[in-house]
Every structure is written in C-alpha cells, then in structure tokens.
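Here the protein sequences come in this chain order: U and R. FYI, in my numbering the residues of the first sequence are 1 to 453. FYI, in my numbering the residues of the second sequence are 1 to 268.
For the record, the hints were derived by calculation from the structure and aren't laboratory data. Be a bit skeptical, because a hint or two may be false.
List of simulated lysine-lysine pairs, DSS-like, C-alpha gap at most 27 Å [as the list claims (entries may be wrong)]:
hint: 1; chain 1: R; residue 1: LYS74; chain 2: R; residue 2: LYS190
hint: 2; chain 1: U; residue 1: LYS163; chain 2: U; residue 2: LYS241
hint: 3; chain 1: R; residue 1: LYS74; chain 2: U; residue 2: LYS163
hint: 4; chain 1: R; residue 1: LYS20; chain 2: U; residue 2: LYS163
hint: 5; chain 1: R; residue 1: LYS28; chain 2: U; residue 2: LYS241
hint: 6; chain 1: R; residue 1: LYS247; chain 2: R; residue 2: LYS20
hint: 7; chain 1: R; residue 1: LYS20; chain 2: R; residue 2: LYS190
hint: 8; chain 1: R; residue 1: LYS74; chain 2: R; residue 2: LYS247
hint: 9; chain 1: R; residue 1: LYS247; chain 2: R; residue 2: LYS174
What follows is the residue order along each chain.
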Amino acid sequence: MGMERETDRMNAQALELRPPAGVVLARSLLPVLGAVGLAVVLQLLIKPMLGDFYAKLLLDIGTNIILAVSLTMVNGFTGQFSIGHAGFMAVGAYTAAAIVYYGSHRIWGDALVHGGLLSTMFPGHQAPLVTGADLLFFAALIAGGVVAAICGYLVGLPSLRLKGDYLAIVTLGFGEVIRVLLESQTTEALWDPEQIAATPLYELPRYLGGALGFSGLPFYSSLFWAWLGAGITLLVAYRLKESSYGRAFLSIREDEIAAEAMGVHTTRYKVRAFVLAAFFAGVAGGIFAHTVGVQLNPRELGFQKSFDILIMVVLGGLGSISGAAIAAAGLTVLPELLRQPPTIMGWPLAVIIPVVVIWVLLSRRPVRTAVGLVLALAAWEAMRWFARERGINLSEYRMVLYALALIVIMIVRPQGLLGIREIWELRRPRRLAAAKETAATGESGRAGGEVSL
Amino acid sequence: MSADLLLDVDGISISFGGLKAVSNFSLKLPRGRLAGLIGPNGAGKTTVFNLLTGVYAADTGTIRLDGRVLNGLKPYQRAAAGLARTFQNIRLFPDLSVLDNVRIACHLRAQHTMLGAIFRSRHHYGEERAITEHSLELLRLLELDDRRSEQARNLPYGDQRRLEIARALATNPKVLLLDEPAAGMNPQEKRELRDLIRSLRERFGLTILLIEHDMGVVMDICERITVLDHGVIIAEGTPEQIQRDPKVIEAYLGAPEGAVAAANGEGG
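If we strip away everything but chain R, and leave its shape as in the complex, we get:
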C-alpha cells in the first residue's frame, strides 16, 4: 500500500505576511492516479503547486515523492526528483523555437558538460541527436512537430498550452502537475485535451494532478478531487461526491439563499 503511494503531502502551510494562503494541506496520490484540485479564484490552488515544486518553501508540513522528502530542495532539484509542472499563465521560453523549448527540458537526463559542448566531443554529437529525436517524438505526440522551428511566442494559445505539456514531459516526470491546461481552449480543444491527458497517463505511467476551472474536464477525467477554499481543504472525494457536497456548492455559489439566485442567473 505505502509502496504505491507516490506523492505524499502532509499538512503543508504557508503564510504571506499575516495572510494564511494555504493551511494544513494534505494530499495522497497513489502511483497512476489522475486527481483534480479545484476551488474558487484565489483559493490557493496555484500556491499549492508552487509549494510542491519549491517556488515557495512550506512553513510547516512535509512533501514526499516516492518516499523522498522534498522539503528544502530547490525547484530544479524537485524537477530532477520527478516533479514537472505547467504554468497557469504560460511560461514558455518565448523567443526560442518550439523544438528548443522541449530540448532544454531534456537537459535533466543529459550527461553533457560545458567542455563537451565547446570542444564538440563525440558524446556531444550523439547526445544532441538523441535529445533532438526524443524531443521530436514528444512534439509529434502533441501534434506540434510541424511547428518545431517557430518561435514559441508565435504559437496559438492552445498550442502553447500543449507545448508546455510537451516540455514538462521532456523532464521525464513521475508526477505531472497541470495548472489550468484547458484555460482559453475552445470546446473542441477541450475534448481533445481530455483524451490527451488520459493517453499521456497510460503511455508514460504518469501520476497527474490537475488544477482546472472547467468542471466538464475535471469531472470527466479525474478519479479523485480535492476542493480548496481560502487555503483550506473543504472536501475530498470522487467527482460524484464532490458534486453533491453542500460545502463545495456553498464555496462556489455562496450561501443557500444566494445559491437560488445564482442558479437562476446561470440558467438564463
């Protein structure tokens, strides 16, 4: 049982000044799980991602990945440990080509050295080719290979989101953290994204944690959902349980008497 537990987050908290952005957040992801993290705007979802990936250091609590404690590790060390992410407000390398964006992320498993690059060692050429092939493979998988030499900044929005996923995959992660991958996508793209996320999990044996506002996507693909409001977990369970949970409904729609009005508004 515990051998199957891949990501084990136990009671992490962080405050900024007097504001408790996330308090006592716990999450257990068994290997292969596809889980969702939802909550109203400002609930602290992205802060949780930043805590997991080491952008912020947690004030309390522990984060374990495959039994290894990640607390105190820098973001690049956590990436090396197997934690990859995408960003809500896309953070590609905008002036570099699509291919280079992915090739940079292959860097973790490369064994290159500065001298090897300067003197152009035999290993350098071999590795350079392997990295390029591997990156192209990922781009093909995400249907971006015909855009490989374009600057990342020139891609349409949906392609940029998928490029972020390709780049995260290139780091060879165990756990993939997706921060609102469907944001800005049209219904067709959203349908494709669901299939994509499922197929990536199968293909790479990934464990995925997903922040998403689009309930259609979340309820469809996630096996377990954690709901966050004001930095506190207010519910955890299967999509069906979450949809029925009064606390979740309240967090999203307000108190019961307000809920009626809001529901009416939605219906129109």
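Isolated chain U (complex conformation):
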C-alpha cells in the first residue's frame, strides 16, 4: 500500500515538474542543430582551408570518434569488455556499401559520385548542396547501423547474460566470423549495368568483392557526414550518461550485484548499451567504406581494427566520453605525425602552447603535469635530433614509436588520460581529495574506537 502511494507521489511530482514544451523542444533540438551546423561549417568553410591531407585526417578523426565513443558506451559505461567492435563496423560498412553501390547502379546506371557539396571531399566538385544521392547515402548509413544493431542484439543477448569474460571471447569471435564470412564470398563484384539490372535484389549481397575487397564505391564520406556522426554520437553518449536511465549503465560497471539489488535489470541494460554501440559502429563503418583512399576489404576490419578502437577507449579513460574522443583524435594524428615527424618549433607552438596551458590549468597536479608535458615535447625534439644525427629514417620505425608512446602513456596514466571523468570535471577532484583525507583520518579514529570496545 505504502509503496503504491510513494510511487504515485513521485510520478505526480514528475508531471508537475515538467518544464514548458517550448523549453524542452529548444533544449532537446538545439544541440542537434548545433552538430549539423558544426558539420556544415567544417565541410564548407574549414575543408577548403585545410588541403587534402589534413581534411582527410580530420575526416578519419570524426569516424574514429564515433567508433571510440560508441565503444565507451559498452566498455566504459557498463564495464563489459567488448573486443569485436570492428565486426559491427564491418557489418555496417558492407550493408551501406551494398546499398549505395547497387542502389546507384539501379538508379543512375553507374556508381560514380552523384552527391552534393556536403558529400564530397573533392575540391572542385560542381553540384548543388544536397542531391538525391546524399539521401541514398544517408539511408545506407542508417541501414548499416540498424543491421549492425541487430547483429549486436543477437550476439549480446546470449553472452551478456553471463558475467565475466564471455563477452570478450564472443565479440572477438564474432569479429573474426564476420571477416572470414566476407572473405570467403565470391570475389566478384558486379559492375556491368545490364548484369546488375538482371540480378534479383536478394542475390546482390553475394557480390561484395570477397577477399579482394569491394572496390568502385563512390566516395561520399565527407567532413559533414563524419562530424555529424561524431557530434550525434557524442550527444547521445552524454545524454545517456547524464540521465537516470543512463546511470543504470554506470551502476553495472560500479557493482553489478548491488545494481541488481537496487532493481536494475542488468542483462537488459547491458544488451541495450551493446545494441546502441553496435548501431553507431555500423554507421561509422558505412562512413569508413565510402572514404577517399579506402578500399573496403574484410582484412581492414579484423581484430587489429577492434584493438585500435579499444586502445582509444582505454587510453582516454574507461567511462570518459571526452577522454575517448580526445584519444581517438590523438591516436589518429600520431601515426601520421610519425611518418615525417615535424618540428614543434615554429607554427605548431601556436597550437601546442594553448593545449599545454589548458591541460595544466585543468590538472589536479599542475606542476607534475607541466613537467611531464615539457619532457614529452623535449623527447620529441630529441628524437628528431637523434634521427637526423644518425641518419635514421623515422618513418620506418613509425609503428614501433607508436607502440612505445602507448606504453609510456599507460605507465604514466594507467587510468587513462581522464580516468572516468569528463574533461570539464577534472578540477572537481581537488575538493574530493581534501574530503578523502578527512575520511581516512575519521576512519582510523573509528577503527581505534572499535578495538577498545
């Protein structure tokens, strides 16, 4: 009896406390419009200023942010360990690719770029802002996400009921199964318009290029799509983390037994996080498949790729959305920088100095952070000097240096760059640290009291 009354009271209160519909609409939609606006600005204004190389790098950063932040929803929020994210990416990539490739053939008779200005990385592209091909591409991305999400459900439901490391094994297996399945298909990809027109729709998914890769896809992925995806993924992750619904995800990571005892249906929540993550991985796969310079190949989306994403999440700090995004950006840029390590003297200082200052200001131990960052920059210059003196071509040691950097970062910050916090929460712990000290002394005082009893 008492229970019903209490519940009614809270729900009645919830009804009463609802803000006006207009306010809700604005708060709900403005960030989405902001993401669209940012993506349009990046595509139309920033891209022409960057040049091909840096524009492509920025595109890859966007795609990797989608991947890392979506994996954060599983590994960071619910504390489960999924290591087959590239498998969902592959599902999304091939689904989207098949729709775009064969869709284009059916509609336009070829698979050339028919997109508008928002869907191209080519500088001299003449087209209206948006065309029908953009809608086809958008639909293909969503379809890729949905198919990946369905796979996520099928994989997640049995394995997330179990506690422990089963999920890691199952997801690893899933990723490999997808790769092998795609590789074992016929290497044929239809290209003759008449043949394509003659093949029934359900037969087409067999012709995906197999082990040779699916070539001839139109390059629709642009800064607009990658960063729209990144913006929406970030928004969804943030809104989940900052809601009572999403906090149930976190409670599973914190203590699964306690979460269950508090009424959290842990399996259901784990599966939902997993399905959502798979959806975004599928979308990222679709974007990846249509990126300039990418030839969609099952080998590209094997467990190596899964680990790349996992490293971003762990490096950023398990559970930190901003950490995952920053790590995704950093680890996309680092291997490229190591190709031809540029000096930090000169114009890069204009970027580096503000980053260092902000980092130090946000840090809990500013002196330590400042010393660490200066040492890292000095090490970079020393490395360049050493290579020049000895005549070593650093780009040959690119992946060794990359791995070395990862090892050093994980030794210095085992909890990841940001731990479980967000970047805007970094300063908060200072107060908590003080509280911790009083807690520790209070506890020992109590323990002493206990002994004398």
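Starting from the known structure of chain U, arrange chain R on it as the hints suggest.
Just chain R now, with coordinates in the frame of chain U:
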C-alpha cells in the same frame, strides 16, 4: 492475521557442494515488525539474506512477500517486489557521487525510456527533477545532503553505511534487510543508528530484518530475534528469551565448562 503477514519464509535450504549452508530456515515477519537475525560468525546469516534477495536460489522451501511467491525471481525482480537490502561489506557505486548512488536506486519507480533520455522528452526533465528531489529528501533524512556531490568512495565509513540505507530506501521497499549496519561504527554513531532505524520504520511503514553482531543494538531495538548457528535456527523469541536461552549462550560462548573461562576472559 495472514493479511498482516508480510514476509513469509518457509523452510528454505541451500547447500554449496556438500556443505549445508542454511537448512530449513523459516521466518514470519508481520507488517511493521523489527526483527533481528543473529548468530556466530559463519552461521549463515548473510546467506539467508542472499537467499531472500535472490543472489542464490534456494534448493527447497518458499519465500513469500505479501502473498507473492518470490522463488525463481531474479534479484532485480525481488527488489521491484519490495525487498531492499544493504551489504555487510559495503557495496556502493564507489566512483559515482553520493546523489547518483541514490538516484540510481530511484530507477525502479521511474517510467523513463532510452529514447526519452536520448531525445530529452518533456517527461524526462520532469522525472529527472522529481528523482533528484526525492533523492535529496532521503539524503537529508540520513544527514548526507551536504556530501551529495562527493564520490561515494571518499565518504567516512559510517556515512557509507548510511548511504547504503538511503539507497535501499530509494527503491521504495516494503521489507528492508540490513546486514550489519553498525559494523565499524563508534558508540555515538551506534546510538544514532538505533534511533535512525526506529524512525525509518515509523516514517516509511517499513518491516525490518537486521543482521547485527552488536548485541547492544540488537537487544535494544529488535522485537523478535532469530538465532542461527551452522545454518540452523537454534532459537527464536523476544530479546529477553534469547538472552536467557542456554542454546544461544552455548553457541556464542561454547560448552558450559568453557563458558566459565570465556566469561572470565570477557570480564577482564
């Protein structure tokens, strides 16, 4: 009479391998009762809690809450049915804030959806505020509201115990199972805890089952006490009856000839 019977545990048992951890445990709690469950270390008290809350499935026997059979239900379903607990070895959500610990537990009565959270529906905002207000109310009641934004792991021990109680209350329970709430508390805190438990029962109309080693607390606040030893109930009755029960004295202090020595040791 039977309408008043809220928690009805009838002959539950569980064995782990060959070890019978709890055998034929029965307990009847009328609505509003404040009962104690005591016994020496390893007697199976926490195992009983784990059986009641569904962490373990009972091999035999039935558990009824308000007439509804709980056997076969998962822990989260039993929490929804009105069974809340605290943990002997504190199990808070350590990295989350004090407020979030309680807000998560409000989740059972929330009507939120994933899409509502993602799209930020009107209902989402209203409910979020209601949950926050309700949680703050509970924190005020347990004198934790000025610590609301601290990480749970940073709280002093006594505060952590009280936060566990606040969190359990947020699930809106009918029956509250407290597993050694006084452990690690100093005499002052223990006195406060007794008053707190009594006042919570009044305020929320709770039925409470308490595991506790501190006899001062148990004998003072419990109306009925069940004594468990080696997984078997050896006595049941009022605090006065339990204190005089020879079997209980034997379980705690050993056989009569040993009891003298132990009593001497205690006296010094």
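Here is how each hint holds up against the structure:
1. Proximity of LYS74 (chain R) to LYS190 (chain R) is assessed by CA-CA distance (about 33 Å); at most 27 Å being required, the pair is judged violated.
2. Under the criterion of a C-alpha separation no larger than 27 Å, the hint pairing LYS163 (chain U) with LYS241 (chain U) is consistent with the structure, at around 22 Å.
3. Straight-line distance between C-alpha atoms of LYS74 (chain R) and LYS163 (chain U) comes to about 15 Å, which keeps the hinted pair within the 27 Å bound.
4. Under the criterion of a C-alpha separation no larger than 27 Å, the hint pairing LYS20 (chain R) with LYS163 (chain U) is consistent with the structure, at around 25 Å.
5. Taking the CA atoms of LYS28 (chain R) and LYS241 (chain U), the gap is about 42 Å. The hint is violated against a cut of 27 Å.
6. This hinted pair checks out: LYS247 (chain R) and LYS20 (chain R) have alpha carbons roughly 20 Å apart, not beyond 27 Å.
7. Distance hint between LYS20 (chain R) and LYS190 (chain R) is unfulfilled; the C-alpha atoms sit about 33 Å from each other, more than 27 Å.
8. A C-alpha spacing of about 36 Å is found between LYS74 (chain R) and LYS247 (chain R), which places the hinted pair above 27 Å, so the restraint is violated.
9. Distance check on the hinted pair: LYS247 (chain R) and LYS174 (chain R) sit about 32 Å apart at the alpha-carbon level, beyond 27 Å; violated.
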